[in-house]
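S.K.: Listed here are the chains, written in short residue letters.
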Amino acid sequence: MSAVTTEPLAHYRAEFEAAHGRESAGTAQRAAAFERFAALGFPGPREEAWKYTSLRKLEARRFPSRLAGRDMPALPPALAARRLVVIDGRLQPGRDGGNLPRGLRLRSLAEAQADGESLAALLRVTQGGGTERFAALNAALCPDALLLDVAEEASPEPLEILLCTSAEQPGMSHPRLVIRAARGSSARILLRHSGDDAERWVNSVVDVEVGPEATLHFYRLLDSGARGFHIERVEATVAQRGTFLAHDAQLGAGLARMDLFVRLAAPQAAAELTGLFLADGTRHLDSHVRVDHMAVDTRSLQDYRGIAAGRGRAVFNGKAVVHEGAQQSQARQSSRNLLLTPGAEIDTKPELEIYADDVQCSHGATTGQLDAAALFYLRSRGLSETEARSALTRAFAGSVLSRMDHAEFAVMVRASLDARLERLLEAQP
Amino acid sequence: MLKIRDLHAQIGARKILKGIDLEVGTGQVHAIMGPNGSGKSTLASVLAGRDGYEVTQGTVEYLGRDLLELEPEERARAGVFLAFQYPVEIPGVNNAYLLKAALNAVRKQRGESEVDAFEFLALVREKMKLMQMDESFLGRGVNEGFSGGEKKRNEILQMAVLEPRLALLDETDSGLDIDALRVVANGVNSLRSADRAIVMVTHYQRLLDYIEPDFVHVLSDGRILKSGDSSLALELEKRGYDWVRQEALVA
Chain B
6 MSAVTTEPLA
16 HYRAEFEAAH
26 GRESAGTAQR
36 AAAFERFAAL
46 GFPGPREEAW
56 KYTSLRKLEA
66 RRFPSRLAGR
76 DMPALPPALA
86 ARRLVVIDGR
96 LQPGRDGGNL
106 PRGLRLRSLA
116 EAQADGESLA
126 ALLRVTQGGG
136 TERFAALNAA
146 LCPDALLLDV
156 AEEASPEPLE
166 ILLCTSAEQP
176 GMSHPRLVIR
186 AARGSSARIL
196 LRHSGDDAER
206 WVNSVVDVEV
216 GPEATLHFYR
226 LLDSGARGFH
236 IERVEATVAQ
246 RGTFLAHDAQ
256 LGAGLARMDL
266 FVRLAAPQAA
276 AELTGLFLAD
286 GTRHLDSHVR
296 VDHMAVDTRS
306 LQDYRGIAAG
316 RGRAVFNGKA
326 VVHEGAQQSQ
336 ARQSSRNLLL
346 TPGAEIDTKP
356 ELEIYADDVQ
366 CSHGATTGQL
376 DAAALFYLRS
386 RGLSETEARS
396 ALTRAFAGSV
406 LSRMDHAEFA
416 VMVRASLDAR
426 LERLLEAQP
Chain U
-12 MLKIRDLHAQ
-2 IGARKILKGI
8 DLEVGTGQVH
18 AIMGPNGSGK
28 STLASVLAGR
38 DGYEVTQGTV
48 EYLGRDLLEL
58 EPEERARAGV
68 FLAFQYPVEI
78 PGVNNAYLLK
88 AALNAVRKQR
98 GESEVDAFEF
108 LALVREKMKL
118 MQMDESFLGR
128 GVNEGFSGGE
138 KKRNEILQMA
148 VLEPRLALLD
158 ETDSGLDIDA
168 LRVVANGVNS
178 LRSADRAIVM
188 VTHYQRLLDY
198 IEPDFVHVLS
208 DGRILKSGDS
218 SLALELEKRG
228 YDWVRQEALV
238 A
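Each protein sequence line maps, in turn, to chains B and U.
Using my numbering, the first residue of the first sequence is number 6, and each one after it goes up by one.
Using my numbering, the first residue of the second sequence is number -12, and each one after it goes up by one.
Some clues are possibly wrong.
Each computed SDA-like pair below joins lysine to any residue, with the alpha-carbon atoms no more than 25 Å apart [said to hold, decoys possible]:
1. U:Lys95 to B:Glu431
2. U:Lys138 to B:Ala379
3. U:Lys114 to U:Leu178
4. U:Lys138 to B:Glu392
5. U:Lys138 to B:Arg394
Since the hints were derived computationally from the structure, they do not count as laboratory data.
Isolated chain B, as found in the complex:
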């Protein structure tokens, strides 16, 4: 191993020793996870899953782990009447205030363990994908995990989980969330990552199980500061006749990578994954989405729209794999991308792998600029060039936003998008 990779490893090992070195619950799992991270290391330039995204800068940093609750950050307005606040990976005591909607149960790692839950399951690290190493590091370093259970047949009110980091200090945090939607339930969970402009690394893991006949809407809004590194791995397994709907809005962080992996594990399981990303300034946003169709009559949709401007860069890699025996399945993929300025770049790659013969699959990808004819039409009606560009860009994003059926979330994303568009379009010559 070269000196370049040994050095960061020593840093993370020291962090691990300090946090979980002494014998305690889960030490064995955590140690195994850490060794997995150590074995995989940071991705090199030749790794396919990191083809367009370099982590060299992140690798060079030595972020200390932060202890929670020292400097409370300013919190953004709530997206739902019920909100949990998690700072540096720890649930803020009193911040839930008995505020949990009926039909939801929330436990810490220690509470779950006391109830006989399997620690190995809660800290599990699945194999594969470019972020396995970071999921392993998360399992080794996460200060706690939140276990959120939706009760059978329950339809709780929407719950927001706000994840942030302590104010104005560089550092890293490893939040971990496990969501289990029991049979027949229907729930909306809104995950929001927010943060100020301090340099930091958030390495997040979300593990989702959607039970039989359950429906889970999972919203994610990433709008942390432009100097942040953000890596997230969201994995969902969907049982028979279960439906997982993910709505992703990536507006922030300086360098972000999201791996969203969904397994349609039983017949008639379905996934609808939509996303919007805005890479302006010098932001680099990378989304890898993968759906595995494991059983007959499963359905998936991936509908992603990306916007890049300035020196921003975005990467979208969408994959649907229809496994042997997953007959009568449907997989649809669409990736549409808009470049607002010549220096921006979007690399998109929709992929299909099909090992069954009776399936319906489609995919399409486009990358282009605003339509010149439409721009002229609007300007010929008296709209300024900025207004016209903004209207067309918002229209482009609108088709994904209109799928978001949680009004506050859609409004928040729209407002953030509008503010950012205004700034970046005004700044243009």
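Starting from the structure of chain B, add chain U where the hints point.
M.R.: Same frame as chain B, now just chain U:
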């Protein structure tokens, strides 16, 4: 109101307008007729400020200003309106939003206050009635999924709401059945006034049965070959365009 002098324009290396002279006075309605490819739509586009056309020679004066110096939106705010031959479909941009933004842009220019939602709706409802358009059009994307006739009606609706000083109609009659043509012509006629000028570009005489022009010009190969009153249009309908070209050659 509009003075065009020796206007030359080209797309790339292709010369399309080769010396247009035209004067349009306040209150007048002009029809510019000519065969396909004669430069009619290019003239309308150049006046509205569409990209891709290079003016190589000549001047255009509008209300005493150099029109060619202005951006498309500045022309619109100064009262120039182009009814498109092919109105653009813009899914996701709402008709009502566009109408309101456009109206407030011209009002601002005229030194008037912005309309509030109530005033706006009252005005638009009245104009939609005139154009026999259902109010549901307001909530839809601009021209999204509209039929050819609906698109043309929507153009005239915008014009009726914005009340331009100079209206340019580019092949507004093309693709219209006879009923739609009547509605559109009715909308245009309602806008005829002493302080407004209308320039219609058209291939056929048909539109002129409904909107009678004060002047008719024949455009061919980038030049105006002949000008006359509305009887010239009837003669063109009967005899075609060739005789005008012959006449011009002889002269």
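S.K.: Next step is simple, just say for each hint if it's right about the structure.
M.R.: Status of the hints after comparison with the structure:
1. Note on lysine 95 of chain U and glutamate 431 of chain B: the hinted pairing holds, with a Cα-Cα distance of about 20 Å set against a maximum of 25 Å.
2. Note on lysine 138 of chain U and alanine 379 of chain B: the hinted pairing holds, with a Cα-Cα distance of about 14 Å set against a maximum of 25 Å.
3. Restraint check: the Cα-Cα separation between lysine 114 of chain U and leucine 178 of chain U comes to about 11 Å, which is no more than 25 Å; the hinted pair holds.
4. Distance check on the hinted pair: lysine 138 of chain U and glutamate 392 of chain B sit about 23 Å apart at the alpha-carbon level, within 25 Å; holds.
5. For a cut-off of 25 Å, the pair hint linking lysine 138 of chain U to arginine 394 of chain B stands: about 22 Å separates their Cα positions.
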